[in-house]
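Enquirer: Please build the complete structure, drawing on both the sequences and the hints.
Chain by chain, the residues:
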Amino acid sequence: MLREVRFRDDKDFSGCSIFGMMNVRGERFNGEPMITAIANMKERSNGLGGGFAAYGIYPQYAELYCFHMMYDDRGAREETEEFFKSRFDVEGAEVIPTRPCEGVDDPPLLWRYFLRPRESLVCSEREADDFVVQAVMHINVRIEGAFVFSSGKNMGVFKGVGFPEDIGRFFRLEDYEGYTWVAHGRFPTNTQGWWGGAHPFNILDWSVVHNGEISSYGINRRYLEMFGYICTLHTDTEVIAYGVDLLLRKHGLTVEDMARVFAAPLWTEIDRMPPREREVHTALRQTYGSLLLNGPFSIIISNRSQMIGLTDRIRLRPLVAGRSGEFMYISSEEAPIHLVDDGLQETWIPQGGEPIIAELAEKMEEIETKGAEVISLPASDSA
Amino acid sequence: MKIDVDHHAGLPGVFMRVDGRVKINARHLHYRELNNMIKGAASEGVEEIVVENVFGQRYIGSGIRRPVRIVIHGVPGNDLGAFMDGPRITVDRNAQDGVGNTMNSGLIVVHGRAGDIVAMGMRGGRIFIRDGVGYRAAIHMKEYRKLRPVLVIGGDTQDFLGEYMAGGLVIVLGLKGGKGKRSRFRARHIGTGMHGGLIFLRGEIEEHQLGKEAVAVPATQEDKELIRPFVEEYAGYFAADAASIMGSDFLKIYARSHRPFGGLYAY
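Protein chains in written order, with the working numbering: chain A, 410 to 792; chain B, 551 to 817.
Mixed in with the good hints, there may be bad ones.
[What the hints assert, rightly or not] Listed next, the stretches of chain B that the computed footprint assigns to chain A, with coverage defined by at least 3 CB atoms under 8 Å from CB atoms of chain A:
# : stretch
1 : 605 to 616
2 : 625 to 632
3 : 641 to 647
4 : 705 to 711
Think of the hints as simulated: they come from the structure by calculation, not from any bench. Positions of the beta carbon are idealized from the N, C-alpha and C atoms, including for glycine.
Expert: As C-alpha cells, then:
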C-alpha cells in the first residue's frame, strides 16, 4: 500500500516528540490539550508522521474490539470485510470521520469496525485476545493494501503522515473524550514516512510511542517471530509493541521486570546487586536477552489502566514526568506540561532504565459505570 | 471534563517599552520570532528584556554579544544561552536540555532544575542551577587561558557528570532539592573520559561511581578557597547558607591524565 510511497526527507536535525497525559480518576477529556502539547514540540518532528492513542473513547462499545483500518482501495476493504464476517460478529462499521486539513495529503481509506469474536470460535477472554492478535497478523500479512492500526477495546489510534497537530485536527480529536491520551510527532531517521509507520503502534489495547532508534531490531524481530508476531510496518518501534504484549499479557511479567528486560542494567551493575536481585536480573537477561532493546530510546507504553514511561539505561533520549492533582504527565520536554497545566505540582526526570508508572486509581469496572467514589491517588512513583 | 488549554493568553508578541526595559509576551511566538525580537532589543542597547509566557522556545540568548539582562518567566526550550557571549539570563521555573551549550561568557541563573547536558562544551561564563540536573552535565566543558567556565549545581546530578571534561570548574552541592532525599550521590560514570578541569562534590561517592579516567580525593582547605566565591554567589541568588555549605567536606575530582586516549590510535 502506501509503503511504496516515499515522502520527502530533507534531513533536518532533530528528534521525535512523545507526550502522554492520564487522568488517574478515569475522568475523560477531549483531545484539545494533547494537540496543544504535541504542537508545542513541533521542532522535534518534521511532518512525516504524527499520531495519538486515546483510551475510554468508545464507552458504548466497551465490550467490543475496535479495529481501525487503513485501505488502499475498495478491493482491500471488501476482502477485509469478508474476512471479518467469517470470524467476527460485526456490530458496527463506519468511515472514521475526518476533515480536510492543510498538511495532510493523500490519506488512505479510513474505516473502523466494532467486532465480537464469533462465539463458536473462541471460549475464553484470553483466547479471544489471541484470536484478535492472529486476525491482525493475518490482515497485515495476507491482505494486500489493508492495515490494522488499532485493535483494542474502548480505545483507538489515530495516525498518519503530517505534523501531529494537523493529524489531530484531521481526525477531529476534539470530538473524542478519553481518560488517557498519548501522542507522537515523528522524525523518521532510518525508515520512510508512510501512514502505517506513524506512531503509536498498537496491538490489542497496548500502544507504544517512541523517540529513538532500536538498533537491535533484527534480533528482536526474529525472536518475536517465534511467538507468532510478524513485523510488517517497516519501523523499529513495532517490535516494542509486540514485545510488551508478549512479556506483560502472555508471559505475565510485571512492568518493573519488563523494564529490566528492555533496558537491562549493565553486567557490572548486576554484579554489585544483593544475591536475590542479582539472580532475578541474571535470569531475565538469560531468558529474554533477545528482547534487550539496544540503542537510544524513550518510550511511553500505555494500556487501559496504565501509562508507562521508560528510557534506555544510559538515557540517550529525554523524558520528563509530571504530576498535578489527578493528572499524570510523561513528555519529551518539560515546557508542554507547564503549557497545558497551570497548576502543575511537580516534575522530575527519571533515571535511565527506571520506569515511570502512572496507574488509574480506580478499578476499570468502576470507571466504565462511572459515578463511583474516588478511592485515592496512587502513591508517588519513585524516580 | 473540559480542560482550558490556554491559561497564558493575552496578546501574543506584544512588545512594550517601560523605562529602558522591554517586555515581550512570548505566548504563541515561534523561537525565531521571539529571538529576533530579543536580539533587536539587545542591539538597541536596552538594559533589561523581560520575556513572559515562555514555553519551550529554543536558543534564547543565543549569539548575543552584549551584557543585556534577560529575565525569563516560564520554561525556556533547549539550548538556552547557546553560543552566548555576555548576557545575564535568569529563569523563574525549570530549564530543559542543553543550558549554556558552548556558551562563551555571561551568566545563567535557573530558579529550578535543568535537564540533560547542562554546560555542554561550555567555554566561559557562569551557570547556577538551584536544584538538580539530568545526565551528562558539563560534558566536554573546556577552558583556555583566562576563559574558565563555572557550573554550580545546588542539588545533585544524574549519570556521566563531567564526561570527557577538558577544563573548567563544576561544583555540586547536593542540597536537598528536586525529588527525594539523598545522603549520597547516586550518579554513575562520573568523569568518564575526563582529561582536564575540576569537579567538587559535597558528599561522598563509592569507587565504582567514578569513571576510569577520573581520580577523587578529599578537598583541602586550599582547594575549598577556590570554590568559596562561587558558593557564596550561589547562596546570594538562592538564599542558601554559604557558611554551612563551606563547613562540610568536599571531594575533588580531577583527570588521571591529560591524554587518556593518547595511546589508543597513535603510537
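Enquirer: Please flag the earlier hints that this structure goes against, numbers listed from lowest up.
Expert: The structure conflicts with no hint, since it agrees with every one listed earlier.
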